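Colleague: From first to last, the protein sequence lines are chains F and W. First residue of the first sequence: 575, per my numbering; consecutive thereafter. First residue of the second sequence: 575, per my numbering; consecutive thereafter.
Hints may contain errors.
Identical copies carry no separate label here, and so any pair may be met within one copy or between two of them.
[Unchecked claim] In silico SDA-like cross-links for lysine to any residue, where the CA-CA straight-line distance does not exceed 25 Å:
| no. | residue 1 | residue 2 |
| --- | --- | --- |
| 1 | Lys603 | Arg585 |
| 2 | Lys667 | Pro604 |
| 3 | Lys580 | Gln669 |
| 4 | Lys689 | Thr581 |
| 5 | Lys603 | Asp686 |
Derived by calculation from the structure, the hints in this document are not laboratory data. In this text the structure is predicted, and so the values were computed from the model without any measurement.
Number of protein chains: 2
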Amino acid sequence: MEVKSKTYLYRTSVRWTEQRKGVLAAAGKPDLQVATPPEFKGHEGIWSPEDLFVASVNMCTMSTFLAFADRAGYTFHAYESEAEGRLELVGGKFQFTSVILRPRLTLAPGGDPAKAKDLLEKAEAACLISNSITARVTLDPTIIEG
Amino acid sequence: MEVKSKTYLYRTSVRWTEQRKGVLAAAGKPDLQVATPPEFKGHEGIWSPEDLFVASVNMCTMSTFLAFADRAGYTFHAYESEAEGRLELVGGKFQFTSVILRPRLTLAPGGDPAKAKDLLEKAEAACLISNSITARVTLDPTIIEG
Chain F
575 MEVKSKTYLY RTSVRWTEQR KGVLAAAGKP DLQVATPPEF KGHEGIWSPE
625 DLFVASVNMC TMSTFLAFAD RAGYTFHAYE SEAEGRLELV GGKFQFTSVI
675 LRPRLTLAPG GDPAKAKDLL EKAEAACLIS NSITARVTLD PTIIEG
Chain W
575 MEVKSKTYLY RTSVRWTEQR KGVLAAAGKP DLQVATPPEF KGHEGIWSPE
625 DLFVASVNMC TMSTFLAFAD RAGYTFHAYE SEAEGRLELV GGKFQFTSVI
675 LRPRLTLAPG GDPAKAKDLL EKAEAACLIS NSITARVTLD PTIIEG
């Protein structure tokens, strides 16, 4: 990562190992085995590029929520989120057409659910990965009172 | 992952752990620790959503190359690729504006470099993640004769 005014660079590498498998690497971070998924003649039980794409949207939204909650002084008990990305043929080419995010936020005792919903919606709208993809991103939140 | 004609669904989840860290999970796959990167008040040495986004483009291109090479009966010795994603402020919002892919392909003895270049270019053009993002994807290949 290098900084140049408001520009950030992210570098990762991938190295083919065998069949449809490889290893992802980034400086100073643990290696991660990756593979083509089974439905494209790849392998079970290994992170695929499709998984990583959907995960990046999901994690970015959480990351943005954590920043917004921190800035607002809003504390909560737990956050977990399932994301579902839909890959479809469009004009003969596969692309991700939608990503549904289903965050489940458990509030602190007495926490304000309306404020939680507002922060989640603002986080989804500001997520920089969502801003960088063509798929429609939809938020389907569950708020659990503490 | 579920199949419904030519539609595939990819599900991953993320769970907040502490500070700006979380754990990514997908059914049957190893968990991966993730975090907001340091430049956004996060943590060093942990995979960030930005890393995963760039990695997904890089891995998808390799995956597509492996499929095309297999289909063409083209064998090679080694493939590794560095990818660099550029995150910039555009109209007040961060987004990825470009991803540069630098595959280094080592040919088998007597392998045809022109064919290799053609397969790499076709893989980049067909990569389903590249088809799903707004950033410009550029291929800067190095072909090493075997």
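Colleague: Each hint should be assessed against the structure and marked as holding or not.
Modeller: Cross-check of the supplied hints:
1. Taking the shortest Cα distances, Lys603 and Arg585 sit within 25 Å of each other both inside one copy (12 Å) and across copies (24 Å).
2. In this assembly of identical chains, Lys667 and Pro604 lie within 25 Å of each other by CA distance neither inside one copy nor across copies; the values are 33 Å within and 30 Å between.
3. Taking CA atoms no more than 25 Å apart as the test, Lys580 paired with Gln669 passes between copies only; the shortest distance there is 11 Å, against 30 Å inside one copy.
4. Taking identical chains as interchangeable, the C-alpha atoms of Lys689 and Thr581 are never at most 25 Å apart, the minima being 31 Å within one chain and 36 Å between chains.
5. In this homomeric assembly, Lys603 and Asp686 never come within 25 Å of each other (Cα to Cα): the closest approach is 37 Å inside a single copy and 36 Å across copies.
This entry does not satisfy hints 2, 4, 5, going by the numbered hints stated previously.
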